[in-house]
Amino acid sequence: MNADELAAFRREVKDFLREQVPPALAADVLMGKAVGRDDIMAWHRKLYHRGWVAPGWPKAFGGTGWTIVQRWVFEEEAALAGAPPLIPMGLVTVGPILIASASAEQQARYLPRILDGQDIWCQGFSEPGAGSDLASLQCRAQPVDGGYRIAGSKIWTTQAHWSDLCLLLARTSTDGRPQEGITMLVVDMTAPGVSIRPIITLDGMHVLNQVFFDEVFVPAADRIGVEGRAWDILKSNIGHERVLVANPGFAKALRTRLMDIASRPDRSGARPIDRPRIRDRIVLLDVRLRALEATALRVLGLPNLPVTPEASLLKIRGTELQQAYTRLIGEVLGEASLPYDVSALQAGGPPDPDHDPITPNYLFLRKASISAGTNEVQRDIIARNLLR
Amino acid sequence: MNDTWMTEDDRLLAEAADGVAAEVAQAPPAAVWSILAAQGWPGLRVEADLGGFEGSDKAMMILARALGLAGARTPFIWSVAMPAALLDAGAAEPRRAWRSALAAGERRFAVALHESAADPEGDVVETRARSTGDGWHVTGAKLAAPYVEGADQLIVSARVGSADEGEVGLFMIPTDAPGVALRHLSLIDGTPVSEVSFRETPIEAGARLDEDGARVRVAIAEALRLGVVAAVAESLGGLERALAQSVDHLKTRRQFGAPLASLQVLRHRIADMYIATEELRSLALAACGADLDAARAAKVYLGEAGVWVAEQAVQLHGAMGVTEECDVGQILKRIIVLDRLLGGADHHLSRLGDGLRPDARPGSAVG
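Chains as they are written, first to last, in my numbering: chain A, 1 to 388; chain B, 1 to 367.
Hints may contain errors.
To be verified - Below, computed lysine to any residue pairings styled on SDA-like, alpha-carbon distance capped at 25 Å:
{"no.": "1", "chain 1": "A", "residue 1": "K59", "chain 2": "A", "residue 2": "S136"}
{"no.": "2", "chain 1": "A", "residue 1": "K367", "chain 2": "B", "residue 2": "A290"}
{"no.": "3", "chain 1": "A", "residue 1": "K252", "chain 2": "B", "residue 2": "R95"}
{"no.": "4", "chain 1": "A", "residue 1": "K235", "chain 2": "B", "residue 2": "Q264"}
{"no.": "5", "chain 1": "A", "residue 1": "K235", "chain 2": "A", "residue 2": "S136"}
{"no.": "6", "chain 1": "B", "residue 1": "K251", "chain 2": "A", "residue 2": "N375"}
{"no.": "7", "chain 1": "A", "residue 1": "K252", "chain 2": "B", "residue 2": "A360"}
{"no.": "8", "chain 1": "B", "residue 1": "K251", "chain 2": "A", "residue 2": "S136"}
{"no.": "9", "chain 1": "B", "residue 1": "K251", "chain 2": "A", "residue 2": "T308"}
{"no.": "10", "chain 1": "A", "residue 1": "K252", "chain 2": "A", "residue 2": "V69"}
{"no.": "11", "chain 1": "A", "residue 1": "K46", "chain 2": "A", "residue 2": "L387"}
Stated by the list, open to error - Now the in silico label distances, taken between C-beta atoms and shown as ranges:
{"no.": "12", "chain 1": "B", "residue 1": "E93", "chain 2": "A", "residue 2": "P265", "range": "23 to 29 Å"}
{"no.": "13", "chain 1": "A", "residue 1": "G334", "chain 2": "B", "residue 2": "R253", "range": "58 to 64 Å"}
{"no.": "14", "chain 1": "A", "residue 1": "L202", "chain 2": "B", "residue 2": "F53", "range": "44 to 50 Å"}
{"no.": "15", "chain 1": "B", "residue 1": "S350", "chain 2": "A", "residue 2": "T201", "range": "34 to 40 Å"}
{"no.": "16", "chain 1": "B", "residue 1": "Q264", "chain 2": "A", "residue 2": "S195", "range": "56 to 62 Å"}
{"no.": "17", "chain 1": "B", "residue 1": "E54", "chain 2": "A", "residue 2": "G334", "range": "50 to 56 Å"}
{"no.": "18", "chain 1": "B", "residue 1": "P29", "chain 2": "A", "residue 2": "N304", "range": "53 to 59 Å"}
{"no.": "19", "chain 1": "B", "residue 1": "S56", "chain 2": "A", "residue 2": "D116", "range": "45 to 51 Å"}
{"no.": "20", "chain 1": "A", "residue 1": "P23", "chain 2": "B", "residue 2": "E54", "range": "47 to 53 Å"}
{"no.": "21", "chain 1": "A", "residue 1": "L297", "chain 2": "B", "residue 2": "A360", "range": "25 to 31 Å"}
{"no.": "22", "chain 1": "B", "residue 1": "A360", "chain 2": "A", "residue 2": "W52", "range": "55 to 61 Å"}
{"no.": "23", "chain 1": "B", "residue 1": "R253", "chain 2": "A", "residue 2": "I199", "range": "41 to 47 Å"}
Rather than coming from a laboratory, the hints here were simulated on the basis of the structure. Just so we're clear, the structure is a prediction, and the values are computed from it rather than from any experiment. Using N, Cα and C, we set each Cβ at its ideal position, and we do this for glycine too.
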């Protein structure tokens with residue numbers, strides 16, 4: 001796709017977003033408020049009807065067939081337009097894994113229901129004793145007549161409480177290397193023995209969960225791929241998330257929020273932007289944002305980008321920048337950033353610029369450098385590449 | 001490290017530039033200009049019909065980076081990149097003559113614009129050019145300017161007439177003209193600089209480059225932009241070399257029974273050095289063919305992150321890093337010099353910050 005085609009694509013995306021994202025919802029999203037499931041799923045269905053809900057899937061499975069550059073443009077424009085972020089697991093992780101490794105029957109059963117929003121998925125990978133180190137996971141899947149019995153627990157499970165299905169990694173064998181003996185299963189979240197404990201994050205909100213599996217039966221038909229070979233499936237299917245999480249659209253939306261706040265008179269009547277020190281700090285972030293965008297532009301076309309050190313660079317810098325913006329916005333607001341009002345965090349209330357939920361946003365975004373492979377793990381990846 | 005930021009043509013240019021830079025790095029200082037001239041480098045920014053090769057900003061970046069990679073010290077920034085912009089200020093005929101002289105490399109120009117340490121933009125001009133009817137008398141002083149020593153001609157800004165608000169013109173002054181006094185110094189990295197003063201220095205009418213001052217401000221800003229992009233690109237080459245040497249050192253140096261490369265604190269340091277270097281490359285590329293603000297952003301990052309990379313290269317080399325014979329120390333010196341010449345990070349930061357105020361000129365925010 002040449003520059004003209006890409007510009008035309010960007011215009012098409014912008015036009016669609018302008019027509020389809022409800023303005024009040026966009027204002028709430030841009031203000032950092034939490035959007036409820038109904039609003040998210042309504043947006044999901046609009047994208048589904050436009051054929052754009054699964055940018056990462058091949059066309060044959062109902063995806064867009066977009067290049068990574070187009071996906072990047074789409075994510076950037078969506079963030080700038082205040083489109084609510086979709087519930088990501090089914091679309092970003094589960095779908096591509098099923099497309100690569102599930103049987104045709106499984107694909108026919110699950111994929112259409114991800115696309116049209118009938119099924120919400122969560123991803124049961126991390127455990128209390130296995131975060132970035134998936135090879136050491138303990139949750140057991142005991143082979144029994146006709147299937148498996150699951151015993152164990154998963155943690156940091158995003159939106160498990162909204163989910164119909166869980167893509168689970170469980171240990172079917174303890175022989176061999178730690179990476180071996182891990183099996184991928186689909187668990188019905190309504191099955192007997194599944195229970196959920198909410199985990200409240202620092203912003204006071206409920207997104208994360210711990211999920212317990214107490215002798216939960218999973219039919220053999222719900223195993224994805226070969227028993228004990230989940231590691232092979234994972235190796236080739238993770239990494240896109242790492243790249244997309246670095247999308248500068250979100251950082252740019254935060255910059256707009258920062259400039260709005262800095263350009264308005266504060267409680268003393270003075271504009272923060274008139275203080276040279278504030279300007280200097282904004283410029284330093286601008287320089288980093290320019291660097292992120294320029295880096296993305298020149299590496300997005302790399303073959304196998306998700307497994308390159310450049311992908312780790314984008315993940316590190318993209319998430320650091322999101323964190324830096326939310327911190328600076330809070331500092332510019334000063335004491336006005338401190339009152340905590342949970343209703344100010346929920347989308348749908350009246351707009352109130354005096355209750356910008358920046359500090360909860362800042363606290364929640366501390367997770368950005370932890371999830372999708374911690375930034376330290378990303379540095380390990382870069383170092384391994386340089387020092388090999 | 002991937003080189004996908006270059007096209008096939010860029011790679012050919014880079015290969016050729018690496019060869020020239022390697023030769024220059026071994027040559028005695030007095031021979032450097034003739035090597036560059038023999039390879040046509042002075043014509044980088046000059047039109048093809050005047051003997052140049054009409055190189056883009058990116059071509060300039062590739063040449064400057066090659067100099068940094070090789071550790072070659074040349075007057076490239078001040079005698080190739082910046083004069084090309086300044087020689088653009090004038091009317092058609094003298095402009096063509098000066099530009100073909102630059103392209104041929106038969107005369108070397110140096111640039112003497114700055115008069116105030118607080119003003120790397122060259123806005124402050126108190127040097128005067130008084131008309132004598134058939135020429136000018138120039139009187140004033142310029143701060144230390146690089147590579148004046150051995151140059152044939154100085155490109156000098158001077159206020160025309162006597163009024164404080166008089167227009168600023170650009171003048172070509174032979175370094176051996178009457179009334180020119182030079183005081184030579186050497187910077188920390190060996191770069192020769194000279195304080196320049198003029199006392200009733202007589203020059204002929206044709207030595208004024210511009211016609212009426214109208215294009216001088218634009219030409220000086222463009223010279224600054226090109227100089228900054230070239231300085232960042234040369235720094236990038238130096239930092240790439242420092243990073244590669246640090247990687248080698250971590251892999252080969254053993255302490256406590258294991259290679260340094262096995263220590264995670266050092267592995268993460270080298271990862272951060274890589275990230276900063278790649279970001280500087282991105283900003284240099286983004287500054288090619290872009291406005292002065294893009295160049296300023298790259299220069300800010302050179303000071304904010306590039307200097308840190310060079311410091312860390314010294315740190316990772318341990319005590320060897322602080323010796324004169326270890327290359328990373330020489331790179332640090334060069335990076336420090338390039339960071340501070342042409343306006344340091346703080347200067348460019350504050351210029352970018354001025355553009356942020358809602359009532360400021362438009363177009364300076366991130367696009």
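Here's how the hints hold up against the structure:
{"no.": "1", "hint": "K59/A <-> S136/A", "in the structure": "36 Å, violated"}
{"no.": "2", "hint": "K367/A <-> A290/B", "in the structure": "36 Å, violated"}
{"no.": "3", "hint": "K252/A <-> R95/B", "in the structure": "44 Å, violated"}
{"no.": "4", "hint": "K235/A <-> Q264/B", "in the structure": "23 Å, holds"}
{"no.": "5", "hint": "K235/A <-> S136/A", "in the structure": "15 Å, holds"}
{"no.": "6", "hint": "K251/B <-> N375/A", "in the structure": "23 Å, holds"}
{"no.": "7", "hint": "K252/A <-> A360/B", "in the structure": "20 Å, holds"}
{"no.": "8", "hint": "K251/B <-> S136/A", "in the structure": "29 Å, violated"}
{"no.": "9", "hint": "K251/B <-> T308/A", "in the structure": "21 Å, holds"}
{"no.": "10", "hint": "K252/A <-> V69/A", "in the structure": "17 Å, holds"}
{"no.": "11", "hint": "K46/A <-> L387/A", "in the structure": "47 Å, violated"}
{"no.": "12", "hint": "E93/B <-> P265/A: 23 to 29 Å", "in the structure": "56 Å, violated"}
{"no.": "13", "hint": "G334/A <-> R253/B: 58 to 64 Å", "in the structure": "48 Å, violated"}
{"no.": "14", "hint": "L202/A <-> F53/B: 44 to 50 Å", "in the structure": "58 Å, violated"}
{"no.": "15", "hint": "S350/B <-> T201/A: 34 to 40 Å", "in the structure": "38 Å, holds"}
{"no.": "16", "hint": "Q264/B <-> S195/A: 56 to 62 Å", "in the structure": "38 Å, violated"}
{"no.": "17", "hint": "E54/B <-> G334/A: 50 to 56 Å", "in the structure": "53 Å, holds"}
{"no.": "18", "hint": "P29/B <-> N304/A: 53 to 59 Å", "in the structure": "46 Å, violated"}
{"no.": "19", "hint": "S56/B <-> D116/A: 45 to 51 Å", "in the structure": "50 Å, holds"}
{"no.": "20", "hint": "P23/A <-> E54/B: 47 to 53 Å", "in the structure": "50 Å, holds"}
{"no.": "21", "hint": "L297/A <-> A360/B: 25 to 31 Å", "in the structure": "27 Å, holds"}
{"no.": "22", "hint": "A360/B <-> W52/A: 55 to 61 Å", "in the structure": "38 Å, violated"}
{"no.": "23", "hint": "R253/B <-> I199/A: 41 to 47 Å", "in the structure": "45 Å, holds"}
Comparing the model with each numbered hint stated earlier shows that hints 1, 2, 3, 8, 11, 12, 13, 14, 16, 18 and 22 do not hold.
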